[in-house]
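Participant: These two chains come separately, so use the hints to put the complex back together.
Read off the chains here:
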Amino acid sequence: MHIPDGYLSPSTCATLFGTSIPFWWVAMRRLKHRLMSRFVPLLSLFAAFSFVIMMFNLPLPGGTTGHAVGMGVATIVLGPSGSIIAISVALFIQAFFFGDGGITALGANCFNMAIVGSLVAWATYRLLSGCAPLVSPRRVIAAGLAGYTAINVAALCAAIEFGIQPLLFHDASGAPLYAPYPLRIAIPAMMIGHLTFAGLAEFIVSAGVVAYLQRNEPWLLKTTASDVDDEAPGTREQGTRVLWFALAALMILTPLGLLAVGHAWGEWSARDFADAAARSEIAAASGNVAPPNQAPRGMERLSAIWTAPFNGYAPPFLRSPGLGYAMSAMLGTGLVLLTFLLARLVVHRREPRSSGTFS
Amino acid sequence: MSPGLEHRQRGFVERTLASLLETMEHTLLAERVAERTGMLQVRDARVKVIALLVLVIAVSVSHDLRVIAVTFALALTLGWASKIRLVELMKHAWWGTLVFSAAIVAPAIVMTPGRTILRLQFGTITEQGLRAAGYLLARVGTVITLCSVLVLTTSWARILRALRALRVPVVFVVILGMTYRYIFVLLQTAHDIFESRRSRRVGPSSASQNRWAAVAAAGVLMSKTLELSGEIYLAMQSRGFRGEVYLLDDPPMRGPDWLTLAGVAGVAVGIVWISQ
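Keeping their order, the protein sequence lines are chains D and G.
Using the numbering used here, you'd call the opening residue of the first sequence number 62 and step up by one each time.
Using the numbering used here, you'd call the opening residue of the second sequence number -15 and step up by one each time.
Just so you know, the hints here were simulated from the structure itself, not pulled from any lab data.
You may find that some hints are simply not true.
With a straight-line cut-off of 35 Å between C-alpha atoms, the simulated DSBU-like cross-links for lysine-lysine are [stated by the list, open to error]:
id	chain 1	residue 1	chain 2	residue 2
1	G	Lys208	D	Lys93
2	D	Lys283	D	Lys93
3	G	Lys208	D	Lys283
4	G	Lys208	G	Lys75
Interface residues of chain D toward chain G, partial, derived using beta-carbon atoms under 10 Å [what the hints assert, rightly or not]:
id	residue
5	Tyr68
6	Leu103
7	Leu274
8	Trp305
Since this is a predicted model, take the numbers as computed values, not measurements.
Each residue gets a CB set at the ideal place from its N, CA and C atoms; glycine is no exception.
Next comes chain G alone, as it looks inside the complex (with noise of 0.2 Å):
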């Protein structure tokens, strides 16, 4: 056998292990950031969620890098009063989609046909072509910073109450909540598996081997899953449930959620007529 061959093996299995733990780690961060005391972790849930939907809308309405720029900082400011570290949201959000945006988008500067700017040896660097990165780039990165804080400082359960408030049907805030909860269940079983088959090998094995195994683990998942799944709804039965679904009220707004909401709208508005 290859050493070749046996590092890509050793990377199979550690890889997905990886991909597992990374996210129930990226959870325990979010849920570490919500309890701070900082300055969005106090305001409703339901505040929150409406302002990153309106300045989301806004941002990708707008045709103004500088207005964008200017929503961005505001976003960097909110996380700042909101406790977050630079560090935490740079590996909470920009990590994976800014970068793979910016290797997406860096062609473009040169195939964008356009005024000149620069000319390479490879091509050249037009002003619509900067300007189309800069859109693109401006964007993501805006709106990815936006969802992270909200992400950050509210607390899963009180985001699928606040999804109410706008209106999002019952039974599919209901499914959410479920499922969020039972992915750590899934993803602790398939961590399990994995771990379990690490720790039983003794000697390399082929590709097609590996392939069976990553096969059989979802499959054993998938049956793991449905046999949950009618253990959770013999439980449900078990409380009274019977398909209807009741949650409860979310206290009323306070005078501080009221400004909050005014002045996000106050900006999404100027946000908007600039661009104009």
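With the rest of the complex left out, here is chain D (with noise of 0.2 Å):
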């Protein structure tokens, strides 16, 4: 995936080089903020660790063997400013001194790998992680698929830069004079590769790092679950009590539903097609098509199946339909969690007891 000189043109290279340096500029502030001067060695040693880690061959299912870029890794220990600039400065070592990846490309590979994989890594490491506890094997899956996302976004930048070449480029003979394949073989081209050897390999060490870190320095991971506090069980108490009162306060708000005219489309019953009104609610919602004159035998029979006992949110017992509303409200809420907390049960009921943590 690093990009060599000479395959994406100069405008392209000082387009993508001007897109990255706003970001660079956020994650230098961003982390001179935070860590002060610490972040000097941390940030070279991480990039150092950056450049170590994509020599590794990992032994991949089918007897082949795979590199990964680390993004999922940097991404999850450093968080996504310290892994831009980690992974930036990594592939700035290699473009200079090693000859892998280009110079004029330098701006092209940052925006691809440090900048467009950190943040996919971040956003999806978050998204799945939750707030499970960091040693919780949610994480490890959502490391894992942090690390195979970010490093398929990320050759999806580098086919689209590579197919639009031709597109943009070409003498005056046609010839393209950058990357020579257009979309339509560059995109496939580079994707076949990622989504099964690479992106794999992403996976494997990004997965297989946190559950490392999980059973031996769980601390590495708070940087990007500083919302999980595992040592505090009180604040989670207080998380979900806030999460109580929203839910009351939505039952109490239930009534509102009743300043709603008509029916939603699609919702109607099978005793509405034979009532005036209501055929011309479904005509005018459909646009203008009128519903057929009698109701769908399938929906007649169907619907006398089962009567609901609390039909249309209106209890039988109460005249008020503000109350009913309310009423059901609670009544539903209710059911739900009747189910979750049996659910709960069964389930711990056939876990075994762990019997130690990890520290």
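Facilitator: Next up, the structure:
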């Protein structure tokens, strides 16, 4: 995925370099603010780590080996800002000293791998790991998928950059001046390798290193899980308390639903087809297409199978529609909570008790 | 256990060790060549970095294959005058990138639509396809040769100081310097991890065990990295580091340096002018 010199036009390189500058600037500012002087050795060492990790040959299923870039791991441990700088520095050294990736394409490589890769890895990891504890298996899967998604989105960016070259830059005879393959070839050519081998290598490294850190140094996972406090369960209780209050407020506000008139499109009953007012409402909501004269036979048959006890959120023993709405909300919420409580009870009985904690 | 599987297992550790050793050898070669007394070794690093960037941009802008070929010849001549052997240049620069690029661009010769030159059983070679392949390979070859000539004739410390002349932020230069230095410490650590694993292995292990060993090595390396980072930070603090970075000023450029810079600027302007 390291784009060499000569594959991208100078204007593409300049545009991507210019696009990368604000990201570098913001990342540097954030790190300086957060870490003060400690960030110089930390970033240097982590950039060196990213460089070395790219040389690891990883055995993949099928007997082949692959390399990982380390975007997922860098983002999870350092956060997106740290990862952007660390991977950019590693790419700079690779380009200048080892000829891996071009000097003119440095901005493009940093944009694809350091910036897009880090941000995608961060968003995916945060989204999938949620508020799971630091040692949760969910974080291992989230890390693997973060690495897999990040490397593939970065590869897609590179493929698009390659693919637009022949469209935009060719000589008078029509010969492409830079990367010669159009989007329809560049995208599959890049993505096949990354969706399989490279993506798998990144998945294994990201998930494996997070699993290793969970067992040995879970504090390293705190940077991208600052809202998770495994040591203070009270914080979680406080968080759920807010949710309980919000749920109660929503239940009290449910009678607001009575303010809405008519039916939602497609939620008609069999009786509505015989009611003139309901028929004109259906026609108006369906682009003035008149409904059938009779309710469809299948609808009529199935609607007779079950009659809900609180049909239309109106319990038969209550006269006030507002009170009926609120009562239905409470009953419905109670049933949902009861279902979850029963499910948790079943799952906890099946799970063996964990005897130790990671430290 | 099948012999094929055993072969693959041997390959995993050995191939990683080979990658790590190759990188270390690459650096040693660069250090050795930079100590020779050649034409570019005695020039100021700032001149060389600026010259490299100017020539690389000129080659990227050029739409004339002959001009790119002449610049390639110039890069080879500079390498020869700087006592860089062709074998070293091939090993350092061409083998990886140029061979990879040739493999990438080969199908374009028959896939690019245009004027037919030769009909083959599997496709048609077009003039436009040949030109596209020529542009790409010529540019890649020229730029990688120029870059290698710079890196092989200049020590990394001098390149970093030259970056300051281009107004690269001082903090970034310091991070680059530290990264480069500790890459070799971590390369050695990674090498030791894999070497010790190889020395303790008494029988074949499954692919999943190998995978776990690789990610465990990565995890251990990360732990060591962060531990080392903490130690370096304490060492820096003990020497009075408070977040501000200062570098020694480079000596002023001499007459021959200015002449070289003017010559390179002239060549770059010539490349762009002829190409237009």
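Participant: With reference to the structure, classify each hint as holding or not holding.
Facilitator: Checked hints:
Between Lys208 of chain G and Lys93 of chain D the CA atoms are separated by roughly 23 Å; this keeps the pair inside 35 Å, and the hint holds. Taking the CA atoms of Lys283 of chain D and Lys93 of chain D, the gap is near 19 Å; set against the 35 Å cutoff, the hint holds. A distance of roughly 18 Å separates the Cα atoms of Lys208 of chain G and Lys283 of chain D; the hinted pair therefore holds under the 35 Å criterion. For the proposed pair Lys208 of chain G and Lys75 of chain G, the alpha carbon gap of about 32 Å is at most 35 Å, so the pair holds.
Nearest Cβ of chain G to the Cβ of Tyr68 of chain D: about 7 Å, under the 10 Å cut. The hint holds. Interface hint status for Leu103 of chain D: upheld, as the beta-carbon distance to the closest one in chain G is roughly 5 Å, under 10 Å. For Leu274 of chain D, the interface hint holds, since its Cβ comes within 10 Å of a Cβ in chain G; the closest pair sits about 6 Å apart. A distance limit of 10 Å between C-beta atoms decides the matter here; for Trp305 of chain D the minimum to chain G is near 40 Å, and the interface restraint is violated.
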